[in-house]
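*Asks:* Starting from the known structure of chain A, arrange chain B on it as the hints suggest.
2 protein chains.
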Amino acid sequence: MCDTCGCGERQVDVEVKESLFSKNRALGEENRRLVEAKGAKLVNLISAPGSGKTTLLEATITHLMPKVSIGVIEGDIETERDAQRIRATGARAVQITTGGACHLDAVLVHKALHTLFEGDSHLDLIFIENVGNLVCPASFYLGEHLRCILVSVPEGSDKPSKYPTTFKDADVFAITKIDLLPYFDFSIDEAAREARRINPGIQIVEVSAKTQEGMADWIHALGMKI
Amino acid sequence: MCDTCGCGERQVDVEVKESLFSKNRALGEENRRLVEAKGAKLVNLISAPGSGKTTLLEATITHLMPKVSIGVIEGDIETERDAQRIRATGARAVQITTGGACHLDAVLVHKALHTLFEGDSHLDLIFIENVGNLVCPASFYLGEHLRCILVSVPEGSDKPSKYPTTFKDADVFAITKIDLLPYFDFSIDEAAREARRINPGIQIVEVSAKTQEGMADWIHALGMKI
Chain A
475 MCDTCGCGER QVDVEVKESL FSKNRALGEE NRRLVEAKGA KLVNLISAPG
525 SGKTTLLEAT ITHLMPKVSI GVIEGDIETE RDAQRIRATG ARAVQITTGG
575 ACHLDAVLVH KALHTLFEGD SHLDLIFIEN VGNLVCPASF YLGEHLRCIL
625 VSVPEGSDKP SKYPTTFKDA DVFAITKIDL LPYFDFSIDE AAREARRINP
675 GIQIVEVSAK TQEGMADWIH ALGMKI
Chain B
475 MCDTCGCGER QVDVEVKESL FSKNRALGEE NRRLVEAKGA KLVNLISAPG
525 SGKTTLLEAT ITHLMPKVSI GVIEGDIETE RDAQRIRATG ARAVQITTGG
575 ACHLDAVLVH KALHTLFEGD SHLDLIFIEN VGNLVCPASF YLGEHLRCIL
625 VSVPEGSDKP SKYPTTFKDA DVFAITKIDL LPYFDFSIDE AAREARRINP
675 GIQIVEVSAK TQEGMADWIH ALGMKI
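Those sequence lines, one after another, are chains A and B. Residues 475 to 700 (our numbering) make up the first sequence, in order. Residues 475 to 700 (our numbering) make up the second sequence, in order.
Chain A extracted, bound-state conformation (with noise of 0.2 Å):
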């Protein structure tokens, strides 16, 4: 059981979760301070269970270092396992297991950024893989400089009507794991078009990090050179 999402519109009173967000920002607001005093970006990926952050993470990871220096922050509500795989691709990773909760929240990330920090390590770019849900974190300002929503093709191109307020705030849309595109019936048309009709600013890339196409646009979308 998820027993912390005591949530729903009729039933938290309305200023605990007032005052709940409006703290969040603050530290929110302090974590990308403290990044940028270290001369670092922060990029927060938002995606549903299995839309492929941790293999985005990997190809990018691959394709930027040693070049780039990067951190990973992992968000799951139980195992190590992501944070062992960004690991083994030399970039440092700190794991955050939230025992049930369905999201980050600026806390969590603002210790998980000292530990990153520790030594006084050098990073340029940092990533929040948050907790694999498409509602819930969008709700939560971690200090990002960049929020990036995935969804992955076999997941349907109705994601961004089906979940608004999940984009209305997003910095980029990844449709991943293109190579999938001949066997589902994915149309990245429509997937583009409802996602602009919710946020006409949002960049949209479209991506597979199993063939890497497209991998050069997402690199620049994050505001890298590869």
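No wet-lab data here; the hints were simulated from the structure. Predicted, not measured: the structure shown is a model, and the values here were computed from it. All C-beta atoms, glycine included, are put in the ideal place defined by N, C-alpha and C. Careful, some of the hints might be misleading.
[What the hints assert, rightly or not] Stretches of chain A that chain B covers, calculated by requiring three or more beta carbons in the stretch to come under 8 Å of a beta carbon on chain B:
1. 516-526
2. 550-556
3. 604-610
4. 631-637
*Replies:* Okay, now just chain B, sitting in the frame of chain A:
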């Protein structure tokens, strides 16, 4: 923004949360009594976005109707699309759009049940298709006789390990889109072993709504016969 997800263990007052869950459970029991009084059975489907809940429902309805009379409560953050898809099969469907909330609760389902039963309609089997989210819906008992968790092959076989709290209280674990097994590194053994470690009594079925493989097992798990 999912503005209802004002959660976080350290953040939301524990008493508020406990009162919320206990009220939800009481109304869930009321839903169950209502459904039983009408001679029907209630099934709650929980999965991440894009695991194929609606497609599996379409196939299930095609197999069982008109012998079994079926109603569906569709939960989505936005859009009426899923209810429209279900209505096209001839089943009754009521759409709940949560407008941001990451899960259905017993209040929303209670109202939807009354709509489904309008005109004293007879229904044998009622499905609830929860909001696409593998985390939060697991915390909200809706009165269901059967709770089914779906994970599709493209999502990966590590999902039970990563979302143990979701699997703990489930009756059925359906591995969906098994026609895609040749194209993905998905281990049925790993997924089944981990699900049984968390919940030894869980019933596991492997199914493809596309090829119909495993449909008889799935329908049997629902306590029905083809």
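*Asks:* Each hint: holds or not?
*Replies:* Hint check results:
| no. | hint | in the structure |
| --- | --- | --- |
| 1 | 516-526 | holds (count 3) |
| 2 | 550-556 | holds (count 5) |
| 3 | 604-610 | holds (count 6) |
| 4 | 631-637 | holds (count 5) |
Hint violations for this structure: none, all hints satisfied.
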